[in-house]
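Engineer: Start from the sequences, fold in the hints, and give me the full structure.
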Amino acid sequence: MSIESNGISVIIELGGGAELLFDKRKKHSVNLPGNDWTIQKLLFWMKDNLLKERPELFMQDDTVRPGILVLVNDTDWELLGEGNYKINSGDTIMFISTLHGG
Amino acid sequence: MPIPCSRQCGKKAILKRPKTGHALCKECFFYAFESEIHNTITQGKLFKPGDKVAIGASGGKDSTVLAYVLKTLNERYQYGIDLFLLSIDEGITGYRDDSLKTVQQNKDDYGLPLKILSYKELYGWTMDEIVAEIGKKNNCTFCGVFRRQALDRGAAFLGVDCIATGHNADDIAETVLMNILRGDIARLQRCTSIITAGADCIRRCKPLKYAYEKEIVMYAYFKQLVYFSTECVFAPNAYRGHARTYLKDLERIRPSSILDIIHSGETLQVKEGIKLPERRNCSRCGFVSSQEICKACIMLEGLNRGLPKLGIGKSTKVKRALESIAKDKCNDKCNGKCKDNERIEEKDLEF
Numbered sequence: 000m001s002i003e004s005n006g007i008s009v010i011i012e013l014g015g016g017a018e019l020l021f022d023k024r025k026k027h028s029v030n031l032p033g034n035d036w037t038i039q040k041l042l043f044w045m046k047d048n049l050l051k052e053r054p055e056l057f058m059q060d061d062t063v064r065p066g067i068l069v070l071v072n073d074t075d076w077e078l079l080g081e082g083n084y085k086i087n088s089g090d091t092i093m094f095i096s097t098l099h100g101g
Numbered sequence: 000m001p002i003p004c005s006r007q008c009g010k011k012a013i014l015k016r017p018k019t020g021h022a023l024c025k026e027c028f029f030y031a032f033e034s035e036i037h038n039t040i041t042q043g044k045l046f047k048p049g050d051k052v053a054i055g056a057s058g059g060k061d062s063t064v065l066a067y068v069l070k071t072l073n074e075r076y077q078y079g080i081d082l083f084l085l086s087i088d089e090g091i092t093g094y095r096d097d098s099l100k101t102v103q104q105n106k107d108d109y110g111l112p113l114k115i116l117s118y119k120e121l122y123g124w125t126m127d128e129i130v131a132e133i134g135k136k137n138n139c140t141f142c143g144v145f146r147r148q149a150l151d152r153g154a155a156f157l158g159v160d161c162i163a164t165g166h167n168a169d170d171i172a173e174t175v176l177m178n179i180l181r182g183d184i185a186r187l188q189r190c191t192s193i194i195t196a197g198a199d200c201i202r203r204c205k206p207l208k209y210a211y212e213k214e215i216v217m218y219a220y221f222k223q224l225v226y227f228s229t230e231c232v233f234a235p236n237a238y239r240g241h242a243r244t245y246l247k248d249l250e251r252i253r254p255s256s257i258l259d260i261i262h263s264g265e266t267l268q269v270k271e272g273i274k275l276p277e278r279r280n281c282s283r284c285g286f287v288s289s290q291e292i293c294k295a296c297i298m299l300e301g302l303n304r305g306l307p308k309l310g311i312g313k314s315t316k317v318k319r320a321l322e323s324i325a326k327d328k329c330n331d332k333c334n335g336k337c338k339d340n341e342r343i344e345e346k347d348l349e350f
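Those sequence lines, one after another, are chains B and C. Following numbering that gives the first Met the number 0, the numbering of the first sequence begins with 0 at its first residue and continues without gaps. Following numbering that gives the first Met the number 0, the numbering of the second sequence begins with 0 at its first residue and continues without gaps.
Some hints could be false.
Below, computed lysine-lysine pairings styled on DSSO-like, alpha-carbon distance capped at 27 Å [stated by the list, open to error]:
1) C/119 with B/25
2) C/222 with B/26
3) C/11 with B/23
4) B/85 with C/11
Covered by chain C, per the in silico footprint, the following chain B stretches (three or more residues, Cβ under 8 Å) [said to hold, decoys possible]:
5) 15 to 29
6) 66 to 75
In silico negatives: residues of chain B with every beta carbon more than 10 Å from chain C [said to hold, decoys possible]:
7) 10
8) 46
9) 54
10) 82
Don't read these hints as lab results, they were simulated from the structure. None of the values given here were measured: they were computed from a predicted structure. In this text, a Cβ means the ideal position worked out from N, Cα and C, and glycines have one as well.
Structural biologist: What follows is the structure in structure tokens.
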């Protein structure tokens with residue numbers, strides 16, 4: 000229960016080319032301080048703490064750049080309130096770019 | 000709280016479809032996605048039993064999903080077609096060499112024969128060598144022109160009846176926009192056709208024409224299909240990039256925009272009296288062309304003569320060079336008396 004008071008742990012996964020912006024790493028296990036986390040808040044946190052290059056290819060205004068798909072525990076975030084989704088400890092949040100390759 | 004599947008199958012929805020707004024579970028999504036492609040194929044009469052079909056395979060998401068779905072549907076609905084994978088190796092170190100490994104894996108995973116043709120063997124130049132000559136600007140033009148013809152040649156080599164490409168709804172909407180922005184009426188008419196064919200050329204079709212990119216990527220993800228997703232190491236096609244960003248912004252506001260743009264493209268009619276370029280065959284290589292000498296031959300000639308900008312430069316220069324090519328070619332026969340070649344347009348080729 001000490002995890003609850005110290006923050007939450009989430010797994011961030013990147014695919015479809017989005018990993019290229021994050022040190023080419025497809026999986027990041029992170030601990031977030033406090034309990035009050037939405038995906039929108041996480042996006043800014045990722046931009047400040049994980050993103051290595053070209054932030055404009057990841058974010059546009061206060062959300063992901065159109066063309067990046069987001070899944071929470073393998074469910075489309077469009078079914079979960081998108082940026083307003085409240086993150087639970089243990090969630091896996093996946094970002095897949097549709098904009099690469101072909 | 001999980002949202003139930005719109006089909007009332009009792010399972011939990013995993014995705015919101017951009018086309019319909021429906022929330023579907025994994026199985027209902029697979030079924031809907033595959034059935035729609037099946038409908039596209041049957042309504043558009045894309046294949047006949049006995050057809051040999053080459054899938055233009057790049058190792059990217061679209062062609063990987065296309066190969067998987069065509070193989071699945073061919074078995075499920077007994078199209079009776081023979082499928083092949085056809086890949087073009089442009090010779091781009093750090094990009095195509097890696098993506099071709101993915102195609103090799105598709106070949107093993109799906110049990111489909113694979114043919115790889117390289118720019119080097121077709122044209123004597125790799126893209127790496129071409130970029131060393133022309134720089135990073137305009138190289139997409141070379142690559143696009145050469146790839147189109149390379150696919151035709153590969154298809155002729157395999158003796159297939161049809162080339163299926165992975166162009167998806169987003170790609171086609173993007174191309175409609177680009178052709179409008181460039182005033183390219185001939186391509187605007189052509190680019191939404193689900194089948195394109197000329198007298199002598201192998202027909203091409205786009206089974207994913209109505210499939211949204213989002214669904215293609217979700218399908219690949221949930222089916223755990225392996226695809227290659229690295230950006231080409233050379234400068235991206237900037238003009239297409241703008242059209243793409245614009246389209247993606249529209250899609251966010253109104254997801255049906257993509258299909259609506261395709262619909263507009265399909266139903267546009269060019270008014271009478273508009274002159275469209277005729278389709279004929281290149282007098283050098285025999286492939287379909289809208290000019291006396293096709294774009295690929297002009298570009299190749301430029302590269303070989305040390306005038307790499309030839310295919311993309313001013314049309315007057317192209318005309319002069321063409322005259323000299325024509326003279327070279329027919330000096331023996333007509334002592335240079337052959338008629339002037341037609342003006343070459345200087346636009347990029349798309350589709």
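Engineer: Each of the hints needs a verdict: does it hold here or not?
Structural biologist: Quick rundown of the hints versus the structure:
1. C/119 with B/25: violated (34 Å)
2. C/222 with B/26: Judged against 27 Å, a Cα distance of about 19 Å means the pair holds.
3. C/11 with B/23: violated (32 Å)
4. B/85 with C/11: OK: residue 85 of chain B and residue 11 of chain C at ~19 Å, within 27 Å.
5. 15 to 29: n = 3 at 8 Å, threshold three: holds.
6. 66 to 75: holds (count 6)
7. 10: holds (16 Å)
8. 46: Non-interface label on residue 46 of chain B holds, nearest chain C Cβ at 19 Å vs cutoff 10 Å.
9. 54: holds (15 Å)
10. 82: holds (12 Å)
Taken one by one, the earlier hints fail for this structure at numbers 1 and 3, listed in ascending order.
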